[in-house]
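K.L.:
One-letter residues, chain by chain:
Number of protein chains: 2
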Amino acid sequence: MTVLEEMGARAKAAARVLASAGRQKEVALKAAAQALLEHRAELLSANEEDCRAGAENGMGKSLLDRLRLTETRIQDMAKAVIEVAEAPDPIGRVLSGESRPNGLRIEKVTVPLGVIGIIYEARPNVTSDAAALCVKAGNAVILRGGKEAFRSNRAVVKVLREAVAASGLPADCVQLVEDTSRASSAELMGLTEYLDVLIPRGGAGLIRSVKENSRVPVIETGVGNCHVYVDAAADLDMAADIIFNAKTSRPSVCNAIETVLVHRDAAEKALPKIQARLQEKQVELRGCERALQILPDVKAACEEDWATEYLDYILAVKVVDSLDQALEHIARYSSGHSECIVTESYSAAERFLQEVDSAAVYVNASTRFTDGGEFGLGAEIGISTQKLHARGPMGLQQLTTNKFLIRGSGQVR
Amino acid sequence: MTVLEEMGARAKAAARVLASAGRQKEVALKAAAQALLEHRAELLSANEEDCRAGAENGMGKSLLDRLRLTETRIQDMAKAVIEVAEAPDPIGRVLSGESRPNGLRIEKVTVPLGVIGIIYEARPNVTSDAAALCVKAGNAVILRGGKEAFRSNRAVVKVLREAVAASGLPADCVQLVEDTSRASSAELMGLTEYLDVLIPRGGAGLIRSVKENSRVPVIETGVGNCHVYVDAAADLDMAADIIFNAKTSRPSVCNAIETVLVHRDAAEKALPKIQARLQEKQVELRGCERALQILPDVKAACEEDWATEYLDYILAVKVVDSLDQALEHIARYSSGHSECIVTESYSAAERFLQEVDSAAVYVNASTRFTDGGEFGLGAEIGISTQKLHARGPMGLQQLTTNKFLIRGSGQVR
Numbered sequence: 001m002t003v004l005e006e007m008g009a010r011a012k013a014a015a016r017v018l019a020s021a022g023r024q025k026e027v028a029l030k031a032a033a034q035a036l037l038e039h040r041a042e043l044l045s046a047n048e049e050d051c052r053a054g055a056e057n058g059m060g061k062s063l064l065d066r067l068r069l070t071e072t073r074i075q076d077m078a079k080a081v082i083e084v085a086e087a088p089d090p091i092g093r094v095l096s097g098e099s100r101p102n103g104l105r106i107e108k109v110t111v112p113l114g115v116i117g118i119i120y121e122a123r124p125n126v127t128s129d130a131a132a133l134c135v136k137a138g139n140a141v142i143l144r145g146g147k148e149a150f151r152s153n154r155a156v157v158k159v160l161r162e163a164v165a166a167s168g169l170p171a172d173c174v175q176l177v178e179d180t181s182r183a184s185s186a187e188l189m190g191l192t193e194y195l196d197v198l199i200p201r202g203g204a205g206l207i208r209s210v211k212e213n214s215r216v217p218v219i220e221t222g223v224g225n226c227h228v229y230v231d232a233a234a235d236l237d238m239a240a241d242i243i244f245n246a247k248t249s250r251p252s253v254c255n256a257i258e259t260v261l262v263h264r265d266a267a268e269k270a271l272p273k274i275q276a277r278l279q280e281k282q283v284e285l286r287g288c289e290r291a292l293q294i295l296p297d298v299k300a301a302c303e304e305d306w307a308t309e310y311l312d313y314i315l316a317v318k319v320v321d322s323l324d325q326a327l328e329h330i331a332r333y334s335s336g337h338s339e340c341i342v343t344e345s346y347s348a349a350e351r352f353l354q355e356v357d358s359a360a361v362y363v364n365a366s367t368r369f370t371d372g373g374e375f376g377l378g379a380e381i382g383i384s385t386q387k388l389h390a391r392g393p394m395g396l397q398q399l400t401t402n403k404f405l406i407r408g409s410g411q412v413r
Numbered sequence: 001m002t003v004l005e006e007m008g009a010r011a012k013a014a015a016r017v018l019a020s021a022g023r024q025k026e027v028a029l030k031a032a033a034q035a036l037l038e039h040r041a042e043l044l045s046a047n048e049e050d051c052r053a054g055a056e057n058g059m060g061k062s063l064l065d066r067l068r069l070t071e072t073r074i075q076d077m078a079k080a081v082i083e084v085a086e087a088p089d090p091i092g093r094v095l096s097g098e099s100r101p102n103g104l105r106i107e108k109v110t111v112p113l114g115v116i117g118i119i120y121e122a123r124p125n126v127t128s129d130a131a132a133l134c135v136k137a138g139n140a141v142i143l144r145g146g147k148e149a150f151r152s153n154r155a156v157v158k159v160l161r162e163a164v165a166a167s168g169l170p171a172d173c174v175q176l177v178e179d180t181s182r183a184s185s186a187e188l189m190g191l192t193e194y195l196d197v198l199i200p201r202g203g204a205g206l207i208r209s210v211k212e213n214s215r216v217p218v219i220e221t222g223v224g225n226c227h228v229y230v231d232a233a234a235d236l237d238m239a240a241d242i243i244f245n246a247k248t249s250r251p252s253v254c255n256a257i258e259t260v261l262v263h264r265d266a267a268e269k270a271l272p273k274i275q276a277r278l279q280e281k282q283v284e285l286r287g288c289e290r291a292l293q294i295l296p297d298v299k300a301a302c303e304e305d306w307a308t309e310y311l312d313y314i315l316a317v318k319v320v321d322s323l324d325q326a327l328e329h330i331a332r333y334s335s336g337h338s339e340c341i342v343t344e345s346y347s348a349a350e351r352f353l354q355e356v357d358s359a360a361v362y363v364n365a366s367t368r369f370t371d372g373g374e375f376g377l378g379a380e381i382g383i384s385t386q387k388l389h390a391r392g393p394m395g396l397q398q399l400t401t402n403k404f405l406i407r408g409s410g411q412v413r
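Chains as they are written, first to last, in full-length UniProt numbering: chain A, 1 to 413; chain B, 1 to 413.
With the rest of the complex left out, here is chain A (with noise of 0.2 Å):
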């Protein structure tokens, strides 16, 4: 057996354990968050580590931001912890039930889906955040961090272990792997005996190889190439406001926009003011030919940007002949996340809702909504852009599955 099929044995030998845990979950993950806590010191030095050799290493300053640890983030991380902690149970719950006529009674009930594999990239909050949220929905969870944030990984681990175990539940189920060279990744992928689902969180280029490559089954999440639709009939200030608060408030995120479509009827208007209210935050647009000849100090778009998920202070902007030519836009380059249709019209705003096919589709409010936490949902693991299984914010109860309980007096068929 390979390092990982142990870890794979070991993760489903405590998922067994924990299928059954019930309350016992709470309390382990309360102790864990405290355990966070009090090896604050341990978790800052061995972060610093990572930020040194980030920085010897010419890390970007916000990839760096993202990989450092403070005392206020190791706080925000232990909320966090005890925020899914104090959750609802999400398993054991009856989806549905009915007595058949035989006299069979069938219920259909919520169960962990088993093991969940998560690889993802720089940011050490996510190894807490993921691993509570497995273990609340009675999940062993084996964790594939970067490189870059190895020995913050290695300690956050090594205490929400210790935790766990101190509980009562096994240690297994939390388990990092330590080897983050591309060949862990790649074994993981196919590890399709103990993983019941691989999660990667983390840039697009890591999700499309997860997909393309993974025989275990997969949830794509977060990639967000996101569009605000101005109608004809769209309050403009209104259009401007929520542009600028779904581009500026948080580029970096998936639910920021990439692409603003406005009607040829709206744009002689609409586009000077969105640019103006843009322009306080050095927005750099990028326009189709006819954005140009209204706002000709404005760069050209081409093909690719309408196909980019920026992720910065960049939007393209395009000005389409109708709500059908948004329609098309949109079916065409989204990448299924969020999109918003700024209108007064109520048949543009329904056949926009029915008509996009993406996760989470907006009238007259901001795609940055689109969040676990907004949606009343709670903690998330990711923003899931497929359709099998969980689509939109993953929280806990997209971490289950069901299955079906028959009680019946000797009946055959």
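Please keep in mind that the hints were generated in silico from the structure rather than gathered at the bench.
Treat the hints with care, since some could be wrong.
The list cannot tell twin chains apart, which means a pair is met if one copy fits it or any two copies do.
Stated by the list, open to error - Straight-line C-alpha distance at most 27 Å; calculated DSSO-like pairs for lysine-lysine:
1. Lys158 x Lys12
2. Lys211 x Lys108
3. Lys79 x Lys147
4. Lys211 x Lys12
5. Lys147 x Lys61
6. Lys61 x Lys281
7. Lys281 x Lys269
8. Lys12 x Lys108
9. Lys273 x Lys299
10. Lys30 x Lys12
11. Lys12 x Lys147
12. Lys269 x Lys30
13. Lys273 x Lys79
Mind docking chain B on chain A? Use the hints.
P.N.:
Just chain B now, kept in the frame of chain A:
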């Protein structure tokens, strides 16, 4: 573009129309059912060619029987299509919804998956069953049936397409792959741009191959290495009845059992009773060492027997020391389809229900009930033995996904 890519693009366009088709889907499917009856002469003659070719190529008797269409079978196909047509529309149901403190109104609604690929083997009725289920759930379908049934499938699909088109929906809601070579399966498994999900229906070999090779998300169906465990506290007559039914009422289907586990305290009395009952149908037993001590005339089972889905009048029998040992055996060898405990012990029953990790877990009833119709869920496209998206009988509801609709009045975050 290859032929399959072109089919994929046409399916995608058809799916966009189907997504908002509503009542028209019912009309189209009823017309399709009617058309199957009206064109039964053509269907029978196409099928006759397939059967003749099959017989010439030395096709086995049971396979030939599956392939053959008769007047009655065509009537059954039409009836199944009408049943699906008349089922409640699974699309546009509001699964949950709430108003958020900021005034956003959020709804989670069901929408079609999009384009579904089905790879299947010799039964022509799968063609109309699968097409009806996919279309009713708003999905376009690309069918890739077995070579043996090609003429039959082509005739069925021609009739369905004409009827669908005459009802005003795109004919490309239903398409059949004309190339039945391995190459077309392989290409389908890579058609990620067009297919949202691929469902293999057939033997274990087909399903394994699709699972191993597909980059399109797969729903695994229908591999059933199912168990009955006869507990120390079992009613032995009930146990014999259930085992007889679960093994012999239709041995070729996935919810038939393949292994019986018997608690050592019950074995002495239970095994002869079970054997006597199964002899009515000449079932061949293969026993572990301890079973052979009680049933000396029985063949010895080898390791492979525990893992085999016989789909035949063969049953493996093993004596276990305890419920724990039964649970371990099932965890190790089961395909996660259906398992049953026969017992009068409340705690043994509840532990079995809780700890067996299969799609359907029974107390005191035949595993043969694992079926959409028997569960009151309507027609099914297969029994999912995987954990993601759908587990157990997959009906119309499992052929949908969801999206979030968010109605605002200018909210930003």
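K.L.:
With 27 Å as the alpha-carbon cut-off, assign the pair lysine 61 and lysine 281 to within, between, both or neither.
P.N.:
within (19 Å within a copy, 75 Å between copies)
K.L.:
Go through the copies and call it for lysine 30 and lysine 12: within, between, both or neither, with a Cα cutoff of 27 Å.
P.N.:
For lysine 30 and lysine 12, only the intra-copy Cα distance (23 Å) is at most 27 Å; the inter-copy one is 48 Å.
K.L.:
Please sort lysine 12 with lysine 147 into within, between, both or neither, judging by C-alpha distance up to 27 Å.
P.N.:
within (25 Å within a copy, 40 Å between copies)
K.L.:
One pair to classify: lysine 158 and lysine 12, alpha carbons no more than 27 Å apart. Within, between, both, or neither?
P.N.:
within (19 Å within a copy, 48 Å between copies)
K.L.:
Tell me, please, which holds for lysine 211 and lysine 108 at an alpha-carbon limit of 27 Å: within, between, both or neither?
P.N.:
Close across copies (26 Å), not inside one copy (30 Å); limit 27 Å.
K.L.:
One pair to classify: lysine 211 and lysine 12, alpha carbons no more than 27 Å apart. Within, between, both, or neither?
P.N.:
Answer is both; intra-copy 23 Å and inter-copy 21 Å each pass.
K.L.:
Cα distance capped at 27 Å. Does lysine 147 pair with lysine 61 within a copy, between copies, both, or neither?
P.N.:
Only inside one copy: lysine 147 and lysine 61 sit 17 Å apart there, 59 Å across copies, limit 27 Å.
K.L.:
With 27 Å as the alpha-carbon cut-off, assign the pair lysine 281 and lysine 269 to within, between, both or neither.
P.N.:
within (20 Å within a copy, 82 Å between copies)
K.L.:
Should lysine 273 paired with lysine 299 be assigned to within, between, both, or neither, using CA atoms and 27 Å as the limit?
P.N.:
Within. Shortest intra-copy distance 17 Å satisfies the 27 Å Cα cut-off; inter-copy 84 Å does not.
K.L.:
If the cut is 27 Å between Cα atoms, do lysine 269 and lysine 30 qualify within a copy, between copies, both or neither?
P.N.:
For lysine 269 and lysine 30, neither the intra-copy (54 Å) nor the inter-copy (51 Å) Cα distance is at most 27 Å.
K.L.:
Evaluate lysine 12 and lysine 108 at a C-alpha cut-off of 27 Å and name the case that applies: within, between, both or neither.
P.N.:
within (23 Å within a copy, 33 Å between copies)
K.L.:
Is it within a copy, between copies, both, or neither that the alpha carbon of lysine 273 lies no farther than 27 Å from that of lysine 79?
P.N.:
neither (41 Å within a copy, 60 Å between copies)
Violation of the numbered hints given earlier is confined to hints 12, 13; the remaining hints are satisfied by the structure.
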